Structures are given as C-alpha cells and as structure tokens.
Amino acid sequence: MSGKIFIIGIGPGAEEYLTLKAVNCVKNCDYTVGSARAIDLFRDVKNTIAFNVKDLVDKLEEGVELAVSGNSVAILSTGDPGFSGVLNTVLRISKEKNFSKDKIEVIPGISSLQLAAARNHIQWDNANVMTFHGRENIEDILEVIDNGKITIALPSRKVKDMAQFLLDNGVSENRQVTVCERLSYPDEKIVSTSLKNIATSEFTYMCIMVISSKD
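Take the sequence shown: its position 179, counting from 1, is numbered 444 in my numbering, and each next residue is one higher.
These aren't lab readings, by the way, just hints derived from the structure by calculation. Be aware that one or more of the hints could be misleading.
Below, a list of computed lysine-lysine pairs in the BS3-like style, where the Cα atoms sit at most 27 Å apart [stated by the list, open to error]:
1. 425 to 414
2. 319 to 423
3. 366 to 269
4. 360 to 324
5. 425 to 454
6. 368 to 425
7. 319 to 362
8. 368 to 324
9. 269 to 360
10. 366 to 311
11. 292 to 368
12. 311 to 269
13. 324 to 311
14. 324 to 362
15. 461 to 414
16. 324 to 292
17. 479 to 425
18. 286 to 360
19. 368 to 269
20. 461 to 423
21. 319 to 425
22. 360 to 319
23. 368 to 311
24. 423 to 479
25. 454 to 479
26. 366 to 286
27. 319 to 269
28. 423 to 362
29. 479 to 461
30. 269 to 292
31. 269 to 362
32. 286 to 368
33. 292 to 362
34. 292 to 414
35. 479 to 414
36. 423 to 454
37. 454 to 414
Ranges of calculated distance between the beta carbons of each label pair, as one might list FRET restraints [as the list claims (entries may be wrong)]:
38. 335 to 412: 45 to 53 Å
39. 458 to 293: 17 to 25 Å
40. 477 to 367: 38 to 46 Å
In this text the structure is predicted, and so the values were computed from the model without any measurement. C-beta atoms are modelled at their ideal positions from N, C-alpha and C, and glycine is treated no differently.
Generate coordinates for the entire structure from the input sequences, incorporating the hints supplied.
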C-alpha cells in the first residue's frame, strides 16, 4: 500500500480563505496533522493529530510515519507552506525516513503577507518580502530597509522589538509603518503610524509589518 503526504496551506486563518482543493484534500485523507486552530477550520476531518509549538516536530514525524505505513496524510501549514511554513521541516523528516518526495504534494495557500499587501494596495512583487519567524538574527533587514522598496515582514519577536531594533540601527523614528494584526479574523486591526510609536505599542504575535520605503 502506498501512502502520500499533502502539505496544505490553510491561508491566514479565516475559513473563507481556504482553497477548495485544501478542503477536498483534508476530507479525503486518512489523517490530518496541524495545530488545533488549523484543524478546526475544516468541517469534514477523519483522524486528527494536533500539535503545538513544543511538540511540532514530534507530531510531524508521527504524520510522516503514518504515510510510510501507507496512509494518506494531510499536514496543515498556516498561510502558505513555502513561506515561513512547515515545508522544509516535512521534507527533511521525509528524507530521514526514506519517504519519497514523489509521494509528497504541496498545496499552496494564501499567506498573511499576501493579504497584508492586498489590504494596503501593494504590488508585492516589487517589495522586500522577508520572514524572521524563528530567527534570532534579524540583521538582514538592514540590508534592504533603505533600498527604495516597501518592506513587508513577518517579525521574529514582538512587533515593538523589531521597531526598536530598526530605531537602534539608524532608521528614522518618522518612518511610516503599518501593522496588520490578526488578518482575516473578526478582530482584524490595521494601524499606520510612525516607527517611534510602533516601538511603544503592544500587538499580538499574529502580525505583519509593512515598512515604507522612505520617511
């Protein structure tokens, strides 16, 4: 019996941003692996394996092992699997367990970064697109912050910490920043103000920063 893995992008969080392919794939898979929040988006799910930040890798390994055993497994990734998602982690685990890449299908989703660009009417193929999730080294942003393009970034830490880092490294306190918080949820909030103000404001971890190209 031949198993298969589907790495599925679930969009920014609201059910309306799920693709039809994602919904049908989860419906037909033997197992679905994802965060509780992600799994709850789907109304027709068979067996579920929920993970959190602490046991993420263990649960992904469990999912791959189920596929090795011949099951079809849907692995849910917030946004798009290829942008700050679980794609590389699942590919690494699959390789370690000798599960063929030919039996893995990636189903793209709408990234919160794309939605942030849409909310702000930004042609994002001409922006600096960056993710710092899970990264302590955020110096890379300094290489592009003044290149004349808008920067759209997933911050690694609190939004105010990223703002303070930019201030500490010479970016003007008057630089305009838009913070898009909890995009697609009923309590979605979009705040546009100066970098100085962002550095003293509190936001949840579910944010995108849109940093203007000039002061």
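**Study point:** Hinted pair residue 423 and residue 362, Cα distance within 27 Å
**Key:** Not satisfied, since the Cα-Cα distance of roughly 36 Å exceeds 27 Å.
Original post:
Are the Cα atoms of residue 286 and residue 368 separated by 27 Å or less?
Top reply: holds (17 Å)
Straight-line alpha-carbon gap residue 319 to residue 362, limit 27 Å = The hint holds at about 21 Å.
Given the hint that residue 319 pairs with residue 269, test it: the Cα-Cα distance must not exceed 27 Å. Status holds; Cα separation ~25 Å.
Taken at face value, is the distance from the CA of residue 461 to the CA of residue 479 at most 27 Å?
The hint holds at about 14 Å.
**Prompt:** Do the alpha carbons of residue 425 and residue 414 lie within 27 Å of each other, as the hint requires?
**Reply:** Roughly 21 Å between the alpha carbons, so the hint for residue 425 and residue 414 holds.
So if I understand the rule, the pair passes when the alpha-carbon distance is 27 Å or less; does residue 368 with residue 311 pass?
holds (20 Å)
Pair hint residue 319 and residue 423, alpha-carbon separation not exceeding 27 Å = holds (19 Å)
Handout entry: Given hint residue 311 paired with residue 324 - CA-CA distance at most 27 Å
Key = holds (17 Å)
Measure nothing beyond the straight line between the CA atoms of residue 368 and residue 269; if it is 27 Å or shorter, mark the hint as holding.
With Cα atoms ~5 Å apart, residue 368 and residue 269 stay inside 27 Å; holds.
Notebook entry, point to check: Keeping to a limit of 27 Å between CA atoms, is the pair of residue 423 and residue 479 held or broken?
Noted result: OK: residue 423 and residue 479 at ~23 Å, within 27 Å.
>> Hint check: residue 292 vs residue 414, CA-CA at most 27 Å. Holds or violated?
In response: violated (41 Å)
The structure is inconsistent with the numbered hints 6, 28, 34 and 39, although it conforms to all the rest.
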